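Use these hints to put chain B onto chain A, whose structure you have.
There are 2 protein chains.
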Amino acid sequence: MDPDLEAVRLITSSSGFFSPAEVDMACELVSERLQRGLDSGYLFLFAETGGRTVGFSCFGPIACTESSFDLYWIAVLDEFRGLGLGRELLRGTESRIWLAGGRRVYVDTASKPQYRPTRDFYERNGYRAEARLCDFYLKGDDKIIYSKELDPARIDISPEPSDAA
Amino acid sequence: MDPDLEAVRLITSSSGFFSPAEVDMACELVSERLQRGLDSGYLFLFAETGGRTVGFSCFGPIACTESSFDLYWIAVLDEFRGLGLGRELLRGTESRIWLAGGRRVYVDTASKPQYRPTRDFYERNGYRAEARLCDFYLKGDDKIIYSKELDPARIDISPEPSDAA
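Protein sequences appear in the order of chains A and B. For the first sequence, counting from 1, position 104 maps to 104 in this note's numbering; every step adds exactly one. For the second sequence, counting from 1, position 120 maps to 120 in this note's numbering; every step adds exactly one.
Worth flagging that the hints you see were computed from the coordinates, not collected in a lab. Check the hints yourself; a few may be wrong.
[Unchecked claim] Here are the computed lysine to any residue pairs in the SDA-like style, where the Cα-Cα straight-line distance is at most 20 Å:
id: 1; chain 1: A; residue 1: Lys-139; chain 2: B; residue 2: Leu-99
id: 2; chain 1: B; residue 1: Lys-139; chain 2: A; residue 2: Leu-150
id: 3; chain 1: B; residue 1: Lys-112; chain 2: B; residue 2: Leu-138
id: 4; chain 1: B; residue 1: Lys-112; chain 2: A; residue 2: Gly-82
id: 5; chain 1: B; residue 1: Lys-112; chain 2: A; residue 2: Leu-150
id: 6; chain 1: B; residue 1: Lys-148; chain 2: A; residue 2: Cys-134
The model shown is predicted, which means the values in this text are computed figures rather than measured ones.
Just chain A, same shape as in the assembly (with noise of 0.2 Å):
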């Protein structure tokens, strides 16, 4: 199996929070992005520490639109949450949009009570809850869509971009 596949299967299924269906879904973008390379129009960051894969986010360009960028996953192994990675991850994957063209990041989420840190994740980092979907999901799980739209002053452009593949 390739190597960033292994690393995101083992990540998304680590904490037991997303389901099979989502951590298959997860890999099924790793390997669109195997396949068909920039093409698949999906972008991924990992964050790695000793030569080991500990998290990742996946995101790209909106079709049709001029700078929008949706995030589709963000997820940290879980022995390594709580320790400022998932931010670390995201900020970069920020400035990777940013230098991409992107200027306002979408990110979905679930209503459902599972979903409150994430939720409290995206917020703490300057995300709003911008619209909602009633029942989106399940009847009682709502989709929420949560947007920024990046601020050049408050975007960290040092690391080298090349990493972002």
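Just chain B, lined up with the frame of chain A:
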């Protein structure tokens, strides 16, 4: 060229309404469908008259939802507009979504004036603007998400569902 692909290109470009990028995008969905079959997640419904394809819709289940569907495209050949074909196609699409287990339909439109007739069309057919994402497509051009909860009392399930392929 595959005849369905040709029909979709002809229909979407006939009105001058869609940009070349949008026409390409519609064609890409047909290609995906032809290559990957039902695994593509894209279903098509074609409207034919006298052996000629004059309209189509493209729709599919939304991953990780229980019964939500996206309506990606619905378009009628320019010279056949204003005859109620769009409405027919939409009704047929909704019945196929219902038969496939779908209960909610989502469709994205843009807020720019060009899309006023499109928004009117959805509103006349029971869709409501449920969410708006400001400046999504472009500064000043928002995304409006319409949704409809399908009502079994108003679903036309008489036509043969086998032609949704």
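Now the hints, each set against the structure:
1. Lys-139/A - Leu-99/B: holds (19 Å)
2. Lys-139/B - Leu-150/A: holds (14 Å)
3. Lys-112/B - Leu-138/B: At roughly 10 Å apart (the allowed maximum being 20 Å), Leu-138/B and Lys-112/B satisfy the hint.
4. Lys-112/B - Gly-82/A: Between Lys-112/B and Gly-82/A the Cα gap is close to 43 Å, so the pair fails against 20 Å, i.e. violated.
5. Lys-112/B - Leu-150/A: violated (23 Å)
6. Lys-148/B - Cys-134/A: Given pair Lys-148/B, Cys-134/A holds - Cα atoms ~11 Å apart, limit 20 Å.
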